[in-house]
Amino acid sequence: MTDEPILTPNDDPSTAPEAPAAVATSTAEPAESAPVERQTAASRKRIVLAGLGFAALYAAMAVRLVSLGSASDEHTEALASGRTQVSTARPDIVDRNGQVMATDIRSSSLYAEPKRILDVDEAIEALSTVLPDLRRDETVRRKLASKSGFVWLKRELTPEQKRKIFRLGLPGIGFMEENRRFYPGGALAGHVIGTVDVDNRGILGIEKAIDREMGLDDLRAAGFGGDRDMAPKKLSLDIRVQHVLRDEMMDALNRFHAVAAIGIVLDAHTSEVLGMVSLPDFDPNNREQAFEKSHLNRATAGVYEMGSVFKTFNSAFTLDTDKVKLSDVYDASSPLVFGSQKISDFHAKGRPLNVSEIFLYSSNIGSARMALKAGSEAQKQFFERVGFHRKLESELPDMAAPLYPKRLSEVSTATQSFGHGISVTPMHTAVAGAAVVNGGTFLDPTFYPRSAEEAAKLAARVLRPETSDKMRHLFRLNATPGSGGSGSKADVAGYRVGGKTGTAEKLENGHYAGNKRFNSFLAAFPMDDPRYVVLAVLDEPKAEVGEGPATAGLNTAAAVGNIVRRIAPLLGVMPKYDGPKGAVASN
Amino acid sequence: MLRTLNFLLIGLMLIGAGVVYDLKYEAERASAKVAKINRKIETERDAIATLKAEWSLLNQPKRLQELVTRYRSYLELDPLDPTQIATLDDIPFKPAVPSAGALPQTTPKGSVKLAQPDKPVDHGGSIGKMVDRLPAVKGGGPATTGSVPKPASGAPLSIVPPMQLVPRTVAPKAVEPQPKVTR
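Chains W and V, in that order, are what the protein sequence lines are. In terms of my numbering, the first sequence is residues 1 to 587. In terms of my numbering, the second sequence is residues 1 to 183.
By construction, these hints were calculated from the structure, which means they are not laboratory data. A couple of the hints might just be wrong.
Unchecked claim - The calculated lysine-lysine pairs, modelled on BS3-like cross-linking and capped at a C-alpha distance of 27 Å, are: (1) K154(W) to K349(W); (2) K234(W) to K62(V); (3) K293(W) to K62(V); (4) K576(W) to K391(W); (5) K154(W) to K24(V); (6) K62(V) to K208(W); (7) K162(W) to K143(W); (8) K52(V) to K162(W).
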């Protein structure tokens, strides 16, 4: 390139022939040639000089070009660093009917490039006309005065604020579009859905599960993740069922001044979770609340001694062994004694009871005797099969492992028969309950829709269908008004509810405290072909004034009754009447 | 010769340059248009997302429940009772009537009484109430099937299903006693 200016004149066809001619003349007539030669030499010099000048010019341009090309642009660099921090898009979360439970809303965030800001004070002054709290904020001033390339000033502006700041026309201040997660339901299903952090990363619940499944974290690390066209994630949850469940459990929580309340509605055949609530809960829009200790997801991450609802599983496995029959009679007249420990009944009848009566009157002694008859090994095997000895598998990240005695002993077998000495999550109880009533197949719960075929493929048989039939009979009997069963408050005319109450005393400082209870009710409906399993749990309910003691039959069973009354029509369960149709409720 | 060729080539070059210039600008205009449309699509999409969120916000069961509770007395709303749910099978078939003329005297109120002539009519139920609200059979007009006349167009909640259940052809054929239809 540098040669060009010199070469061009020589290459020129018009000058090329002249030069040899001039040389020829000079050699032919040396006398005349002296001034001509001087002239030629001078012009050569000039040409070379001009050529050099041009060469220098071109060289300078080339150098500048190279320097421009290789120099990094601070502006774009700053933007790029900001873009990686921008909240990425997430798929919507919808319920099983397509109702939106979580969605992304575009919002603008304000950033600054301090290097390009001319006057920090002026910029702050101008910005604080729109965002008044910037004026007093020292960190903002420090940020703007720094020499960094990119700083966030404020995330999630309103459109109004954005327009005003845009009008200010400040150099070095810009906006970046971000996705903000919005949960229209608020606290409706906080524990299932979970929440995200300010960068739209899932930190709890299904949101976290989505990140894990879709590898959003990896995408983000690689600098992608702006894709908006993600298919919505469909959950097995039904927003209406979830609402009813939360509404009724909230009502029960307030009415009985309980510390916590848990409600679960499961599809009995596929173990899909239609509703799950753990109160007190949090609003995922308010992510600070999510990690408060009292907002723990008790339904899957809390383990409890469930108490008498375990008699469901005790009756199920004992009946399944053939060593125990429904008509068998066990002596429940006197407490069962193991060394220093004594097992006695809450509703002591003081007489021998048959298996149905043991279930109906919730006899600890009878249950223990049934379990001992069937054997510790059979109990252990059944508990293993229904997942009481392992963490349940589901999409939610926080699933707790049960606590159970590792060694087999007569005492532990006896106490586990009525739900003491073994702690499981309420979700464990619900899915095992589903297995007991659905014909004897066990499935881990899921929060995503699962078809009957998929369920059939995954299901493991834990009980014989005949045993399940017997259990359904016991369940229904226990909730039938007039049978003497403890769950009669849960009955809803037409929907054939069946269930088992559980009133456990809470273990406090190594002793069972008589005044602190853990009440639960495990129910299913319609009992002739159970489609749904409902579990309601109240932690430390207090007795209502004028009512009986705070037993499960009075609080959780009633709550389940209310829930079933409201959700059964939504779920398309046809009311059916065994006897004559009851009187129509008057409007 | 060479000169003409040169001029020709210069001309071609100029034309070529012009065409390229034009193409380039057209492409730029087109890409600007595409960018604009893309921006518009993006804005629309955001708007749709926002509206969807708003729709689901307005559709929250909690909000609906609050509304229902607030307007409960005004709109005469009550929770659904299981006994109010019935299938078509529960609704009695339109009865066959011995003779057309006999109807108005025996049942001045409505057809459901006819449906189960041998059973007492339960008017406590909501369907019974609805039936009660129907206009009574006017006069002893020759009803072809011996049944309820169609309620006037403005009548409250008609009981159309039972009427549709009746095949129009079941006109009483005088002498032959009609069998009672039960299901």
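To see whether the hints hold, each was checked on the structure:
1. Using a Cα cut-off of 27 Å, the hinted pair K154(W) and K349(W) is violated, with the two alpha carbons roughly 69 Å apart.
2. Proximity of K234(W) to K62(V) is assessed by CA-CA distance (about 21 Å); at most 27 Å being required, the pair is judged to hold.
3. A threshold of 27 Å between alpha carbons decides the hint, and for K293(W) with K62(V) the separation of about 26 Å falls inside it, so the pair holds.
4. For the hint pairing K576(W) with K391(W), the CA-to-CA distance comes to about 38 Å; that exceeds 27 Å, so the pair is violated.
5. Simply put, K154(W) and K24(V) have alpha-carbon atoms about 41 Å apart, too far for the 27 Å limit, and the pair is violated.
6. Annotation: proposed proximity of K62(V) to K208(W) holds, straight-line Cα distance about 26 Å (limit 27 Å).
7. With a C-alpha separation of about 20 Å, the suggested pair K162(W) and K143(W) falls inside the 27 Å cut-off, and the hint holds.
8. For the hint pairing K52(V) with K162(W), the CA-to-CA distance comes to about 23 Å; that is within 27 Å, so the pair holds.
Violated hints for the displayed structure, listed by number in ascending order: 1, 4, 5.
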